[in-house]
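> Chain residues, written in single-letter form:
2 protein chains.
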Amino acid sequence: MPVTIYDVAREAKVSMATVSRVLNGTAVVREDTKQRVLEAIAKLGYRPNAVARGLASKKTRTIGVIVPDVSAAFVAEVVRGIEDIATMYDYHIILTNSDAQLQREVDLVGTMWEKQVDGIVYMTHRLVKEHVDAFEQAQIPVVLCATEDPERRIPSVNIDNRRAGKDAAAYLLERGCQRIAYVTTPKGVSVLSDRRGAGLASVVPKGQFFRVEVASGRYEHALPILKTFLTDHNVDGIVAASDELGLASIHAVQDCGKRVPEDVKVMAFDNTRLATMVRPEMTVIAQPMYDFGAVSMRLLTKLLHDEPVESYNVILQHIVVERQST
Amino acid sequence: MPVTIYDVAREAKVSMATVSRVLNGTAVVREDTKQRVLEAIAKLGYRPNAVARGLASKKTRTIGVIVPDVSAAFVAEVVRGIEDIATMYDYHIILTNSDAQLQREVDLVGTMWEKQVDGIVYMTHRLVKEHVDAFEQAQIPVVLCATEDPERRIPSVNIDNRRAGKDAAAYLLERGCQRIAYVTTPKGVSVLSDRRGAGLASVVPKGQFFRVEVASGRYEHALPILKTFLTDHNVDGIVAASDELGLASIHAVQDCGKRVPEDVKVMAFDNTRLATMVRPEMTVIAQPMYDFGAVSMRLLTKLLHDEPVESYNVILQHIVVERQST
DNA sequence: CTGTTAGCGCGTTCAA
DNA sequence: TTGAACGCGCTAACAG
Chain A
1 MPVTIYDVAR EAKVSMATVS RVLNGTAVVR EDTKQRVLEA IAKLGYRPNA
51 VARGLASKKT RTIGVIVPDV SAAFVAEVVR GIEDIATMYD YHIILTNSDA
101 QLQREVDLVG TMWEKQVDGI VYMTHRLVKE HVDAFEQAQI PVVLCATEDP
151 ERRIPSVNID NRRAGKDAAA YLLERGCQRI AYVTTPKGVS VLSDRRGAGL
201 ASVVPKGQFF RVEVASGRYE HALPILKTFL TDHNVDGIVA ASDELGLASI
251 HAVQDCGKRV PEDVKVMAFD NTRLATMVRP EMTVIAQPMY DFGAVSMRLL
301 TKLLHDEPVE SYNVILQHIV VERQST
Chain B
1 MPVTIYDVAR EAKVSMATVS RVLNGTAVVR EDTKQRVLEA IAKLGYRPNA
51 VARGLASKKT RTIGVIVPDV SAAFVAEVVR GIEDIATMYD YHIILTNSDA
101 QLQREVDLVG TMWEKQVDGI VYMTHRLVKE HVDAFEQAQI PVVLCATEDP
151 ERRIPSVNID NRRAGKDAAA YLLERGCQRI AYVTTPKGVS VLSDRRGAGL
201 ASVVPKGQFF RVEVASGRYE HALPILKTFL TDHNVDGIVA ASDELGLASI
251 HAVQDCGKRV PEDVKVMAFD NTRLATMVRP EMTVIAQPMY DFGAVSMRLL
301 TKLLHDEPVE SYNVILQHIV VERQST
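Taken in order, these protein sequences are the chains called A and B. Take the first sequence: its position 69, counted from the start at 1, is 69 in the numbering used here, and no numbers get skipped. Take the second sequence: its position 289, counted from the start at 1, is 289 in the numbering used here, and no numbers get skipped.
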């Protein structure tokens, strides 16, 4: 029942090939026949069937987006950036959550192949060989988003995490902090976080740097752990791996009877909306979350259209935003 | 180059129809030939092409998801629910943001048609005739998610917002509040919010109910407006339409030199993670955000598979979660 | 239980 | 500048 390209052709008294031509601008069509076709399309309310197009052209104008979890503020913002640019270039996105589980992450590349996506924007905490193998086997252009390939084989968009770690430490050191703690997930979970930790450790004098590991990165899990830590350790500066951990840090400090920022300065990574909605407002190393997504998607479109790209491993800028917690 | 069903057929020495049968379980296949096919599939690493399947079967196993903005915490949680259940039933989702713009919301239904989605999960603040017309014209099953169709023509998943408003008011009234303010977006923007407001107003004595309108619903925009309001009005109870507005309310109260909850009790709708991460922790009318998405998607699968459904307009339960702000 | 044969709706040669 | 014909990879009758 749905009107097809044949119906339009009949209505306009041309062949379907001609309709296809005006639709795609593939070849020059005489102006008046073009008008006839356009009128027929309008009259019948014709809409091209993207699935049929996909089969015939082998291009679906669909991008696979694989992320750990959209419900995380950071990720949601990234996805928004991806979708905006995708829309701008007339692509749609198929969104999937991997829950950061390797097996699922790898499997999803396969199902994205089945869906015949033109490309993939990929986000994971820790890229390993299995991922790269999956990309290779699927033969689909991939851009890593806020995800690092240690060997830089896959196009990616990141900030300089090591440098960001250094900047955070330098910031606190300059303001008189002597003993600094880094609150983060356990080593090995997130490459980015570990990179930042390395940056911090490279600047803070040995013996004055502490690493506090929180399994889940969630506020409610972190709070008690942090309280215990602060009871045992006398730090005067804290860098948290996320806004949520930053807030937990602030509250933990306060629960220990100390003040932020007078007794302990706290800063966090990310700069989600949370950072400006709490009191004291949090000083942060702001990450360009939206741009992670937007730039990744833009890079992918370049790859797909064989446009020249200046860099396959884009580094975006991070900045320290000073607020009340330091 | 990619291996097709023909390659598998040749390898297994059967016809492609048989391969299709073992793939889809469409008909009984003798056990040993089935094994041969399976082996061939494994050997060749065959993956069915979903686009070709979609064209032939007219079913894409893809669901269109149209939301105002994924980067909003509430929405992101809903989307997560949708995606989880979609995955469970072997569907994928195409996610798009409408920014709550009517024209775009309507257009997106058309582009979803082009993509040949099997169904749509739809979220908007205010459903009007144009939406319904678009659904009708597209002839695609739609489930409204956290969105109300006043005339109940479209399947939907909601809470009872009027009752929720009443419950909020009753809760504050029972605790001694006399003058209650409802902090929300302007009338007409969100049907749900207006419904709640009506519920509140129906319980709070006339002259003791105040409606504070905040254009954007964002914390930073609400804060100054609320401070001004609180300076002029002596309320002792506040109901906010979202956690973000609730937090703005709390801070506004504090900025006016009053205490929460001693001088003014504050409660909010939603119960996003924000509610438990701030101090005082917020009392909320908890909304089942994840379930909005999950149940919507489940309902859609029932519609798509002609399973019997008990109710086309599902009402989920809301509950008051008492915390420190009241 | 299995193979043959049409399409699905469109892009894309190749001729005209 | 236009049309006819083929094929994309698969599902779904229809035979056998």
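Since the hints were made in silico from the structure, they are not lab data. Take these hints with a grain of salt, some might be off.
A pair counts as met if it fits within one copy or between any two copies, since identical chains are not told apart.
Stated by the list, open to error - Pairs of lysine-lysine, DSS-like flavour, derived with a Cα cap of 27 Å: (1) K302 x K58; (2) K43 x K115; (3) K115 x K34; (4) K302 x K227.
> Each hint: holds or not?
Outcome of the hint check:
1. Within a single copy, K302 and K58 get their C-alpha atoms as close as 18 Å, which meets the 27 Å cut-off; across copies the closest is 32 Å, which misses it.
2. Within a single copy, K43 and K115 get their C-alpha atoms only as close as 32 Å, which misses the 27 Å cut-off; across copies the closest is 21 Å, which meets it.
3. In the homo-oligomer, the alpha carbons of K115 and K34 lie at most 27 Å apart only across protomers (25 Å), although the nearest pairing inside one protomer, at 33 Å, exceeds that limit.
4. Within a single copy, K302 and K227 get their C-alpha atoms no closer than 48 Å, and across copies no closer than 48 Å, so neither meets the 27 Å cut-off.
Hint 4 from the list above is the single one not met by this structure.
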